[in-house]
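**Q** Sequence:
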Amino acid sequence: TQSPDLNPIENLWSILDEKIDKTGVTNKENYFAALRRTWEELDEKYLQNLVESMPRRLQAVIKAKGSHTKY
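Numbering of the sequence shown is given in my numbering, commencing with residue 4 and proceeding in unit increments.
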């Protein structure tokens with residue numbers, strides 16, 4: 004499926020984009036440096052929560068019969 008509800012990496016990219024946008028980078032080199040730095044600063048608990056959310060995500064999609072969920 005291509006459902007964003009079943010794709011926790013979308014949540015991760017959203018957080019990374021939000022944090023990088025705050026740095027005001029304006030070119031590719033600085034963007035990749037900011038991305039690397041932001042990745043290294045991510046809380047491991049946040050990443051663990053994304054992984055652990057998969058069973059809940061699956062159940063929510065099943066319950067919604069494939070429709071949109073809170074994820």
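Among these hints, one or two may not hold up.
Pairs of lysine-lysine, BS3-like flavour, derived with a Cα cap of 30 Å [unchecked claim]: (1) K73 with K25; (2) K48 with K31; (3) K73 with K48; (4) K22 with K48.
The set of hints was computed from the structure by calculation and includes no laboratory data.
**Q** Take the C-alpha atoms of K48 and K31, compute the straight-line distance between them, and say whether it is at most 30 Å.
**A** Holds, because 29 Å separates the two Cα atoms, which is no more than 30 Å.
**Q** Verify the proposed pairing of K73 with K25, using a straight-line Cα cut of 30 Å.
**A** Status holds; Cα separation ~26 Å.
**Q** Quickly compare the C-alpha distance for K22 and K48 to 30 Å and report which way the hint goes.
**A** holds (17 Å)
**Q** Measure nothing beyond the straight line between the CA atoms of K73 and K48; if it is 30 Å or shorter, mark the hint as holding.
**A** Holds: K73 and K48 sit about 20 Å apart, inside 30 Å.
In terms of the numbered hints stated before, the structure departs from none.
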